[in-house]
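*Asks:* Dock chains B and C against chain A, hints included.
The lines below spell out each chain.
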Amino acid sequence: MRLDLFVSHYNYWVVIFLMMVGFYILISRGNLIKKVVGLNVFQTAVFMLYISMGKITGGTPPILVDPKGGGEAAAEVMYSNPLPHVLILTAIVVGIATTSVGLALAVRIKEAYGTLEEDEISRIEAEREAAE
Amino acid sequence: MREEIIIRVGAKFLAPFIIMFALYVHFHGDYSPGGGFQAGVILAAAFALLALVYGLEAVQKVLPLWFTRMCAALGVLIFAGVGVVTMLLGHNYLGYNALAPDPTHPEHGQHYGILLVELGVLVTVFGVMVTVFYHFAGRGRSDS
Amino acid sequence: MSTHLPVLQVVVPLLAAPVCALIRNARAAAVIAVLASWATLAIALSLLGDVMSAGVISYALGDWVPPIGIEYRVDIVNAWVLVIVSTIASAVAPYMITSVEDEVERRRIPLFYAAYLLCLCGLLGITVTGDVFNVFVFLEISSLSAYALIAMGTRRRALTAAFRYLVMGSVGATFIVIGIGLLYVMTGSLNMADLAVLLPEVWDSRTVKVAYGFLGVGFCLKLALFPLHLWLPNAYAFAPSAVTAFMASTATKVAVYMLLRFFLTIFGAPFSFGVMALDRVLLPLALVAIVSMSLVAIFQVDVKRLLAYSSVAQIGYMVLGLSFASVTGLTATLLHLFNHALMKGALFMAMGCVVYRIGSVHIDAMAGLGKRMPWTMAAFVLGGLSLVGVPLTVGFVSKWFLILGALERGWWPVAVIVLLASVLALVYVWRVVEAAYFRPYEGDEGVGVEAPWRLLVPTWALVGANLYFGINAVRTAQVAERAAEVLMTGVGP
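Chains as they are written, first to last, in this note's numbering: chain A, 1 to 132; chain B, 1 to 144; chain C, 1 to 493.
Calculated from the structure, these hints are not laboratory results. Cβ coordinates follow ideal geometry from the N, Cα and C atoms, glycine included. Hints should not be assumed to be uniformly reliable.
[What the hints assert, rightly or not] Computed, partial: chain C to chain A, Cβ under 10 angstroms: (1) L35; (2) A39; (3) R107; (4) L111; (5) Y147; (6) A151; (7) A162; (8) F163; (9) L166; (10) I180; (11) G181; (12) L190.
[What the hints assert, rightly or not] To spell it out: a stretch of chain A is covered by chain B in this simulated footprint if at least three of its residues, at any positions, have a beta carbon under 8 angstroms from a beta carbon of chain B; those stretches are: (13) 21-31; (14) 119-131.
[Unchecked claim] Anything over 10 angstroms on all C-beta distances counts as not near chain C; from chain B, calculated: (15) E4; (16) R8; (17) K12; (18) P16; (19) L23; (20) S32; (21) L49; (22) L50; (23) M70; (24) L74; (25) L77; (26) A80; (27) V84; (28) L94; (29) H111; (30) L119.
Isolated chain A (complex conformation) (with noise of 0.2 angstroms):
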């Protein structure tokens, strides 16, 4: 029973294992492209939870079925549920935005500071303030 619960619910496991990764990256790493690489990793876990709560098991996609065409009567076709997948579409587009943000301050973090590991600003930073 307990294990059925586990494999029944498999799109879940991936969601967990996939925002864990992405957070442990975010946290753990200092380099800031591999922070924004992290942080990427970590939206896709949440696009991958919106996308396969709109999965229907044997549904179609949300395109209406024509009634002439034959074949099943539309009345009984099952459609797959297009507002996650339609939600997920405009936190895509955002989490681009985000990304590109973010590699973009990093290119101007790596002209400004000539690196891009987190503990070397701090360092360099706190040698600045030791001389002011």
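*Replies:* Positioned in the frame of chain A, the structure of chains B and C alone reads:
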């Protein structure tokens, strides 16, 4: 890569089809998967491909930076402008029914409305994608 | 046209932003930004008037009837927050013209205004919308433009500050999306009023509780509640002065509004305080924030950062009001949203004047400024007194309601802590005053004259509001109290 004849010819050959495909994705967006965002990205990809093969300068001659920046802002105006137009026609913001050419079939307005709004999205996404690409690709050169 | 006011609130800055980016002329962009900001204030005030007299306004976007379509829904709570945000925007926008010319690269100025207008659009959008996913979209619009605005600061540390804010802000926003997704899984709805009706049926489910947790952490990151505030001090300290004044008085306020809206209107006060014990979680955090951050502020040498830490402490006051779980406590929270926006706006704008003339906000750079920049420093002193909570300023009004709320619950130690923290506030404000008035001026004789009137007028407008609403608090308290009642009773549609 600039000396590889196959890549050069291949890119030149592919670019128009990619652009066509982008337009297809856009105009079929209302009754098959697709839409302005995907179309804009595909359109931008065509120019990114050309820039990778022929160099940034060559592509910027055809598609200058000021133009892509203008696109980015213009798209938002198209999007928000459609809403203002529907409002002026007496409907709520983005109430596409106002756009129907035949008032007895207001639902036809949905078709025009979504295409126009998605056109705004296409223009913005295309503009932003190419601008971002130009800035990242042109970074660290002598002129930046 | 008046029926379209809820959507115009968002559309005006949304339309003005691309126009600013298109014209690429600094002066013209500034004029557009100012006019757009004033327009949002006019719209917000008339919305507040409508809501006070006629009740809830619902606007169906694209003619799609809610809960199917996106609904813009204005009740007294968000009308109040709209007024706060647009008031600050109207004061900061004219201030920006001069301040930004000094601090931002000339060719970036039109884009600066575009980003500012998008940020304003996002903040107003979060407040006006009645759709939970729409909240996330506007949240990201405002956050992304805020990262760009902060990164335009003159010092290179602005870049690292913006990056840190980006990472923490995105994690917060992602947590909020997870929460919204889980709510959708349980109810199949995204409309706030609809969710408020549907959620009580599934209160027992673990999914709803997990959603509550994710949302709570996400909001607390965004509003910089004590242990999650790490992004705030540097972001405020290194952003351009006008951006700091704008962000400090609006962004965190809107985050507090989101928290109130989700936890009291959508989940409902009985769930938040009864099932989830929100008050018992927030009370210690708020108290620790108030005391520890006030102490940290005392030891800062950069005055902008000092004020930033003070902001984290002040956010503690807002959350403290919520943790009383009573109408009086919430009234204090809602009043403090407005009052703190006024005082922090005035204080950061005074610091912007100092930056404009002296080029530094180090506490040693303040020496002798009381004589050289009398109007600027007088504005700082009055803003500081308001921060401390001296009678006849708005700060006193918020503290009054907070202590009233604490005593109502019989929590007199809390009231004592609030008063004690006021003394701490007095200490850090005094450090600046001491430098400005009791230390001799050390710089060149030529520099350090009074800031131009273009900066002083908006600053003093906010200082004047600090005094006016401190003396005549009847109107604001009335609105805040009615809004608090709406939140506590959680009226449906």
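*Asks:* A separate judgement is required for each hint: does it hold in the structure or not?
*Replies:* Here is how each hint holds up against the structure:
1. Among the interface hints, the one on L35/C is violated; its C-beta lies about 27 angstroms from the nearest C-beta in chain A, farther than the 10 angstroms criterion.
2. Using the Cβ-Cβ criterion of 10 angstroms, the hint placing A39/C at the interface with chain A is not satisfied: the shortest such distance is roughly 26 angstroms.
3. Taken as an interface hint, R107/C does not check out: its beta carbon lies about 16 angstroms from the nearest beta carbon of chain A, beyond 10 angstroms.
4. The beta carbon of L111/C is not positioned within 10 angstroms of any beta carbon in chain A (closest approach about 13 angstroms), and the interface hint is therefore violated.
5. Annotation: interface hint on Y147/C holds; nearest CB of chain A at approximately 5 angstroms, less than 10 angstroms.
6. The restraint placing A151/C at the interface with chain A holds, with a minimum CB-CB distance near 6 angstroms, inside the 10 angstroms limit.
7. About 6 angstroms separates the beta-carbon of A162/C from the nearest beta-carbon of chain A, less than 10 angstroms, and the hint is met.
8. Against a cut-off of 10 angstroms between C-beta atoms, the interface hint on F163/C holds, since the closest Cβ of chain A lies about 5 angstroms away.
9. Given the 10 angstroms rule on beta carbons, the hint for L166/C holds: about 5 angstroms separates it from the nearest Cβ of chain A.
10. Given the 10 angstroms rule on beta carbons, the hint for I180/C holds: about 9 angstroms separates it from the nearest Cβ of chain A.
11. Hint status for G181/C: holds, given a least beta-carbon distance of 5 angstroms to chain A, under 10 angstroms.
12. Interface hint at L190/C: satisfied, since its Cβ lies 8 angstroms from the closest Cβ of chain A, which is below the 10 angstroms cut-off.
13. For a cut-off of 8 angstroms, the count of residues in the stretch 21-31 of chain A with a CB near a CB of chain B stands at 0, and the three-residue condition is violated.
14. Coverage of a stretch by a chain is defined here by at least three residues with a beta carbon nearer than 8 angstroms to that chain's beta carbons; for the stretch 119-131 of chain A and chain B the count is 0, and the condition is violated.
15. With a closest Cβ-Cβ approach of about 38 angstroms to chain C, E4/B is found to remain outside the 10 angstroms limit, as its non-interface label requires.
16. Chain C leaves R8/B outside its interface by the beta-carbon criterion, the shortest separation being 35 angstroms against a cut-off of 10 angstroms.
17. For K12/B, the non-interface assignment is confirmed: its Cβ lies about 33 angstroms from the closest Cβ of chain C, beyond the 10 angstroms cut-off.
18. The claim that P16/B lies off the interface holds: its Cβ sits roughly 29 angstroms from the closest Cβ of chain C, which is beyond the 10 angstroms cut-off.
19. At roughly 23 angstroms, the least C-beta separation between L23/B and chain C is larger than 10 angstroms, which holds for a residue marked as non-interface.
20. No Cβ of chain C approaches the Cβ of S32/B within 10 angstroms, the least distance being about 22 angstroms, so the stated non-interface status holds.
21. Under the 10 angstroms C-beta cut-off, the non-interface status given to L49/B relative to chain C holds; the minimum distance is some 27 angstroms.
22. The Cβ of L50/B sits about 26 angstroms from the closest Cβ of chain C, beyond the 10 angstroms cut-off, so the non-interface label holds.
23. Distance to chain C contradicts M70/B as a non-interface residue, since its nearest Cβ pair spans about 6 angstroms, not more than 10 angstroms.
24. With a cut of 10 angstroms on Cβ distances, L74/B falls inside the contact zone with chain C, its closest approach being about 7 angstroms.
25. Its beta-carbon lying about 5 angstroms from the closest one in chain C, L77/B breaks the requirement of being farther than 10 angstroms from that chain.
26. With a cut of 10 angstroms on Cβ distances, A80/B falls inside the contact zone with chain C, its closest approach being about 5 angstroms.
27. With 10 angstroms as the threshold on Cβ separation, the claim that V84/B sits away from chain C is violated: the shortest Cβ distance comes to roughly 7 angstroms.
28. Some Cβ of chain C comes within 10 angstroms of the Cβ of L94/B; the nearest lies about 4 angstroms off, and the non-interface call is violated.
29. H111/B, annotated as away from the interface, keeps every beta carbon of chain C farther than 10 angstroms; the closest lies near 14 angstroms.
30. Consistency note on L119/B: stated as away from chain C, and its beta-carbon is indeed over 10 angstroms from all of that chain's, at 15 angstroms minimum.
In this structure, the earlier hints numbered 1, 2, 3, 4, 13, 14, 23, 24, 25, 26, 27, 28 are contradicted, and the remaining ones agree with it.
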